[in-house]
Amino acid sequence: MIDKRFDLAAAVADISDGATVLVGGFGAAGSPIELLHALIDQGAKNLTVVSNNTGSGNVGLAALIGRGRVAKVICSFPRTANSTVFQDKYRAREIELELVPQGTLAERLRAGGAGIPAFYTATAAGTRLAEGKETRRFGDREFVLEYGLRADFALIKCRQADRLGNLVYNKTARNFAPVMAMAAKTTIVQTASYVEAGGIDPETVITPGVFVHRIVTVPNPLQESALVAAGASYP
Amino acid sequence: MIDKRFDLAAAVADISDGATVLVGGFGAAGSPIELLHALIDQGAKNLTVVSNNTGSGNVGLAALIGRGRVAKVICSFPRTANSTVFQDKYRAREIELELVPQGTLAERLRAGGAGIPAFYTATAAGTRLAEGKETRRFGDREFVLEYGLRADFALIKCRQADRLGNLVYNKTARNFAPVMAMAAKTTIVQTASYVEAGGIDPETVITPGVFVHRIVTVPNPLQESALVAAGASYP
Amino acid sequence: MSETIQKGVGWSRREIARNIALSIPDGSVVNLGIGIPELVASYIPPDREVLFHTENGLLGMGPPPKPGEEDPELVNAGKQPVTAIPGAAYFHHADSFAMVRGGHIDICVLGAMQVSRRGDLANWSMGDSDAAPAVGGAMDLVSGVKTIFVAMTHCSSDGTPKIVERCTYPLTGAGVVSRIYTDLAILDVRDGEIGVVELAPGVDFATLQRHTEANLVINRVPRTA
Amino acid sequence: MSETIQKGVGWSRREIARNIALSIPDGSVVNLGIGIPELVASYIPPDREVLFHTENGLLGMGPPPKPGEEDPELVNAGKQPVTAIPGAAYFHHADSFAMVRGGHIDICVLGAMQVSRRGDLANWSMGDSDAAPAVGGAMDLVSGVKTIFVAMTHCSSDGTPKIVERCTYPLTGAGVVSRIYTDLAILDVRDGEIGVVELAPGVDFATLQRHTEANLVINRVPRTA
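Protein chains in written order, with our numbering: chain B, -9 to 225; chain P, -9 to 225; chain W, 208 to 432; chain R, 208 to 432.
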């Protein structure tokens, strides 16, 4: 019988030093705060984190970075209101940054998950972010070769999961989670609600269970924006 | 006020000779029979049709091919029970065939819709279907370069559409329709049910309205399989 | 070149937004950047239906919520609380950027630091190497959306022209801008020329040219959006 | 080589399917081809939960419906009516093949016309140029699914061996087959060698080799699926 349920600590226990970890969320929306805090407790370091932003305040992803656990960030926008954690590390040359346009980041994750090693895109052609990259003309336009992105783990957040790992999300908290679930060897999800198989209409499943490996139920997840507003820091 | 509703004849009126037309469906499931019959009535010829199969019996896509309207088919499986229409034309050299693996066909359509001119895939590497195609090694594996596929029109079928063109489908009749909607300049959809904006839960929309241009309400669509079982032919 | 514009001359930020709103055809799908572009939505004429896309996964974005009704999981690309209209759809980031990069969005309105005569846009980086750079979705939007409108003040606060012969800041995209809406004029960018579509009240061509580094062409017939 | 197998010797089609079913671990996600592979689902032991994927857009495919309950819009890749289990999910073709091509499906069971010593598979074309060729999803499945099982009769009806030194029919994929389940044996394909994992009752190694063009290796310890 398939049962993907884990408790928080067990779900992240095997994330090893040096692992590549995808972290869902667009700003605070969809950020898997409890999983990130469990990863802080767990102690893995020298991580490569792929996420659209770099966290806010001193909780969640910002706290992971602030504690020196992250060696490299692959993201589109490493600036957030209420957080100087990443910028400080960056200025001190304590963290590496690979800056990727947001759509290219999403597409690279989907490609990684879909078995596509590389694809061409017009995004960033002729700009500094294409320097050193292979380019090629199709028709009258120049395109940049971008590579599929896979990772060891994904940490994502959803609204509801069933026993088989089928997921549905909440509004714009969906953002990167579905493509991150596709791109990770081990996808770890925190869900506000857990239901039996059949509890989600099969027409409305956003992430089919084949992409999900571990489910942690967190009934009332902390909202990053509320934590930051309250000046919280973790731990 | 956005209103994408058309009647059947008007919806297909501007499909011109020589146009490339995507036709949804996997076998009979999801085949937009009424739109295909409207296209037969309309008279366009020398069409390039992109569809997974080539129709069954003497209705729908098989009837369009049988009447000599299709110059070329791009598909993965041009054989269907109950139909020799395509095979006869092929043997008589009256129709051209571009055979594409099914997953590559779906991915080429998505790529076309997503602004990706080309991508690499392991599918077909080392086989006859990769002959003459560019290949490249990534890591220890050989990949084939495949091109995004765009078209003038898509003819697809759905279960429900709202005024803005948001679509939901029925079970495995979904198949190619969402990626075809993305890949066509003009997407024409036949829907069993039409509702006002707000009639579809925004979390469950499969094809957002931005990909849909014309909506024809066909409340009780013919089922290709039933027509074929009854020995029907069109017109 | 650094003569500043007289106070009170030209259009306000809200008037720039209104000028843009009036040029957006009925039925358009539009993506709005941060700053002046955000103001555009409220000036769409009531007889036009325009759908707003936000690249973080929503088509059919509505106005900001009433105070107290904010949902931290319903935000726009600037991470501000928004609402969803009836007929909205949520989707994931790859699907959202497929809309952008696949040419399915009609118009994107963005701020800019510089625009060149050839329509090159610089709006993501000052080029300083100390601070960490951040690009977000800007490069995807300018390369993928059918028509790019720039909304900005004509000059920077010290009077330096932003419409230049050649951008000195790092490019967001080359040859991508179709039209520029500033406090002094509406300008059309085409075939390596910048044409004046409309001058703000109290601004004449000579004044406009003095505040513009690139050469301007007068009396251009605008192309339709 | 073309000596036919004695009637009644070896496993039946249903026993081949059972052999395959018994080797599929609990929790696997499996795609079944047409023919013998279709029979596998009904032999999964009741204490194992195996999820079936059909590439036309369904994960959690159930058994065929009762007569009269067929839904023409709920079919499998062979276009036959099926059902969906509780916990199923529907998705579109690109998402479905992302599962296949991205390595997310554990096992695919396919029929074959030929398998070579190196694991090359031929199962889509006889190579005749008159009839229109058809490939479907076979090339995607063999290139993308983690483990490929072949289910077939050991020889064709005229006694010609199907396990060959080199495929003469056009390839579906090169070096893709992990294991072969026939009426005479279970065979493991690895490192350019075909090893015998198990012989059918009444079949000895010499007999098996006589009906196999490729050289066989005896007493292979099977790798786990």
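Hint data in this document are derived by calculation from the structure and do not stem from the laboratory. The beta-carbon is built from N, C-alpha and C at its ideal position, and this holds for glycine as well. Honestly, I wouldn't trust all of these hints.
The following label-pair restraints were derived from C-beta to C-beta distances [stated by the list, open to error]: (1) P/THR207 with B/ALA220: 46 to 54 Å; (2) W/ASP335 with P/ARG118: 30 to 38 Å; (3) W/PRO293 with B/ARG131: 31 to 39 Å; (4) B/PHE128 with W/GLN416: 54 to 62 Å; (5) B/ASP(-3) with P/ASP(-3): 36 to 44 Å; (6) P/ASP(-3) with B/ASP191: 28 to 36 Å; (7) W/VAL424 with P/ARG118: 55 to 63 Å; (8) B/GLY58 with W/ASP254: 53 to 61 Å; (9) P/SER183 with B/ARG83: 23 to 31 Å; (10) R/GLU400 with P/LEU135: 50 to 58 Å; (11) R/SER219 with B/ARG131: 23 to 31 Å; (12) P/SER183 with R/PRO293: 46 to 54 Å; (13) P/THR125 with W/PRO293: 19 to 27 Å; (14) P/ASP(-3) with B/LEU212: 50 to 58 Å.
Hint check results:
no., hint, result
1, P/THR207 with B/ALA220: 46 to 54 Å, "holds (52 Å)"
2, W/ASP335 with P/ARG118: 30 to 38 Å, "violated (55 Å)"
3, W/PRO293 with B/ARG131: 31 to 39 Å, "holds (38 Å)"
4, B/PHE128 with W/GLN416: 54 to 62 Å, "violated (39 Å)"
5, B/ASP(-3) with P/ASP(-3): 36 to 44 Å, "violated (58 Å)"
6, P/ASP(-3) with B/ASP191: 28 to 36 Å, "holds (32 Å)"
7, W/VAL424 with P/ARG118: 55 to 63 Å, "holds (57 Å)"
8, B/GLY58 with W/ASP254: 53 to 61 Å, "holds (57 Å)"
9, P/SER183 with B/ARG83: 23 to 31 Å, "violated (59 Å)"
10, R/GLU400 with P/LEU135: 50 to 58 Å, "violated (33 Å)"
11, R/SER219 with B/ARG131: 23 to 31 Å, "violated (59 Å)"
12, P/SER183 with R/PRO293: 46 to 54 Å, "violated (25 Å)"
13, P/THR125 with W/PRO293: 19 to 27 Å, "violated (49 Å)"
14, P/ASP(-3) with B/LEU212: 50 to 58 Å, "holds (53 Å)"
Going down the numbered hints, you'll see the structure goes against 2, 4, 5, 9, 10, 11, 12 and 13, while the others check out.
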